[in-house]
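Student: Okay, here's what each chain looks like letter by letter:
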Amino acid sequence: MPGLTFIGLLWQHNNASANLAGVALDAAYLASRW
Amino acid sequence: MKDELPRSIETVVIGAGQAGLIMSWHLQTAGRPHVVLDRRETLGGGWQDRWDNFVLVGPNWTTGLPGFPDDDPDPDSFMPRDAVAARMRRYEDVIGAPVSRTTEVQRLSADGSGGRRFHLKTSEGPVDADEVIVATGAFHRPKVPPAAVGLSPRVTQIHAHAYRNETQLPPGGVLIVGSGQTGVQLAEELQAAGREVTLSVGRCGRAPRRYRGYDSFWWIRQLAARGGDFGTSLPTVDQFPERRLRFACNPHLSGHNGGHDTNLRQMAIDGLRLVGRFAGAHGEHAEFAPDLSENLRFADEFFDVRFRSLCDTFADKAGIEVGPDDRAWPSFERPGSPSSISPPRASRRSSGPQGMPRTTTGWTCRSSTSSARRTTSAASARCPD
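These protein sequences, in sequence, are chains A and B.
Number 33 in the working numbering belongs to position 33 of the first sequence; there are no gaps in the numbering.
Number 208 in the working numbering belongs to position 208 of the second sequence; there are no gaps in the numbering.
FYI, nobody ran anything at the bench for these hints, they're computed from the structure.
Backbone N, C-alpha and C define an ideal beta-carbon position, used for all residues, glycine too.
There could be a bad hint or two in this list.
[Unchecked claim] Reference listing, derived: stretches of chain A covered by chain B, where coverage requires no fewer than 3 residues with Cβ under 8 Å from a Cβ of chain B:
#1 19–25
#2 28–34
[What the hints assert, rightly or not] Simulated restraints, written as ranges between beta carbons of each label pair:
#3 Glu4(B) / Pro2(A): 38 to 48 Å
#4 Arg39(B) / Leu4(A): 16 to 26 Å
#5 Trp329(B) / Leu25(A): 25 to 35 Å
#6 Ala193(B) / Leu4(A): 15 to 25 Å
#7 Arg244(B) / Pro2(A): 26 to 36 Å
#8 Thr5(A) / Ala192(B): 41 to 51 Å
#9 Leu25(A) / Gly323(B): 25 to 35 Å
#10 Thr5(A) / Gly115(B): 15 to 25 Å
#11 Pro2(A) / Arg297(B): 40 to 50 Å
#12 Ser233(B) / Pro2(A): 45 to 55 Å
#13 Pro171(B) / Pro2(A): 56 to 66 Å
#14 Ala193(B) / Leu25(A): 34 to 44 Å
#15 Thr5(A) / Gln266(B): 40 to 50 Å
#16 Leu4(A) / Gly323(B): 19 to 29 Å
For reference, chain A alone in the conformation it holds in the complex (with noise of 0.2 Å):
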């Protein structure tokens, strides 16, 4: 859906999107589409 955005859940794009160590990588990539 248009505007809703989930992030920080387990495996979105990678085994660290739901940890402390990967979840700004995952933050940036939705920064950059913006």
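For chain A, the structure is supplied; the task is to place chain B on it using the hints.
Tutor: Below, chain B alone, put in the same frame as chain A:
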């Protein structure tokens, strides 16, 4: 005094744990109006729900966040629970995140008013927004294996979510169902407290604390950030053969006592009793699948199958000097692990904490067989004297 919650705003972030706060930092950097809603009074997310002796599995340097680099004087140590929560609170202050606490989102619908896409019903009133970022995390409701229904009320059951420390448990042996990171670390903790611990082992991998001179998290960070430059990216979700594998447990590893491997074979040598997957219970009799050897082998092979060649190739192509593979390989092999356990004699009912029924008899082993049934939660059950 609590700031007035905006009734209409471009973006709402639900959850002020690390994921929500990082998104807030990005939104601020991009100049986008937003508010972060969190149901708790104090920030620190789900870290606040962990047991008293919890420490991060990743080294302190992994707590570096956008706009808030790691400043820990000992980056290779492992942060305890309260320090992690405190660090999240500091992050909110440092980045000036617009967090509205004690604001629980009760409903989200795609029928916003005033030209906005979304409508949020919250405990502090309605909010309309064009964008909603859900950063709530994945594990809010403890999952107790359905097979646990058969356990007698004389056996105290407590889920890892409610476990804080060993004093919550009546005296006697402890059965831990679930061998993910939490289950294995709790087994270590209870064993160190002098308990007789039985661990029901499921299909969960094991990662070495250090591989070729570097912490496992260093390898993960390198592969995630730079692996693409060398053809050694971490596996991505679209490469999974089955969607359910997304929910597989995190591999065994611990940050306790300066960080160490949690090898079930070594723990068994040290006195931990291992059994297969929890298959069911009848009264005070618990049964396990005959899959312990297979599950231990899966744990043994996990790192080599999934990560070792990625790490080796990355180091080689990136020109990183690494040491030898000096992982320890305990030779323990359990001969005929028990397929069921029961209290040794009739148990005496007594009253446990908060009126919970409990018994006070330790578990003993019996030999029988049972069919396997999948359980994924880290619940523990005990049958004391």
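Student: All hints, please: hold or fail.
Tutor: Structure-based check of all given hints:
{"no.": "1", "hint": "19–25", "verdict": "holds (count 7)"}
{"no.": "2", "hint": "28–34", "verdict": "holds (count 4)"}
{"no.": "3", "hint": "Glu4(B) / Pro2(A): 38 to 48 Å", "verdict": "violated (29 Å)"}
{"no.": "4", "hint": "Arg39(B) / Leu4(A): 16 to 26 Å", "verdict": "holds (19 Å)"}
{"no.": "5", "hint": "Trp329(B) / Leu25(A): 25 to 35 Å", "verdict": "holds (33 Å)"}
{"no.": "6", "hint": "Ala193(B) / Leu4(A): 15 to 25 Å", "verdict": "violated (46 Å)"}
{"no.": "7", "hint": "Arg244(B) / Pro2(A): 26 to 36 Å", "verdict": "holds (28 Å)"}
{"no.": "8", "hint": "Thr5(A) / Ala192(B): 41 to 51 Å", "verdict": "holds (43 Å)"}
{"no.": "9", "hint": "Leu25(A) / Gly323(B): 25 to 35 Å", "verdict": "holds (27 Å)"}
{"no.": "10", "hint": "Thr5(A) / Gly115(B): 15 to 25 Å", "verdict": "holds (20 Å)"}
{"no.": "11", "hint": "Pro2(A) / Arg297(B): 40 to 50 Å", "verdict": "holds (46 Å)"}
{"no.": "12", "hint": "Ser233(B) / Pro2(A): 45 to 55 Å", "verdict": "violated (28 Å)"}
{"no.": "13", "hint": "Pro171(B) / Pro2(A): 56 to 66 Å", "verdict": "holds (57 Å)"}
{"no.": "14", "hint": "Ala193(B) / Leu25(A): 34 to 44 Å", "verdict": "holds (38 Å)"}
{"no.": "15", "hint": "Thr5(A) / Gln266(B): 40 to 50 Å", "verdict": "holds (43 Å)"}
{"no.": "16", "hint": "Leu4(A) / Gly323(B): 19 to 29 Å", "verdict": "violated (46 Å)"}
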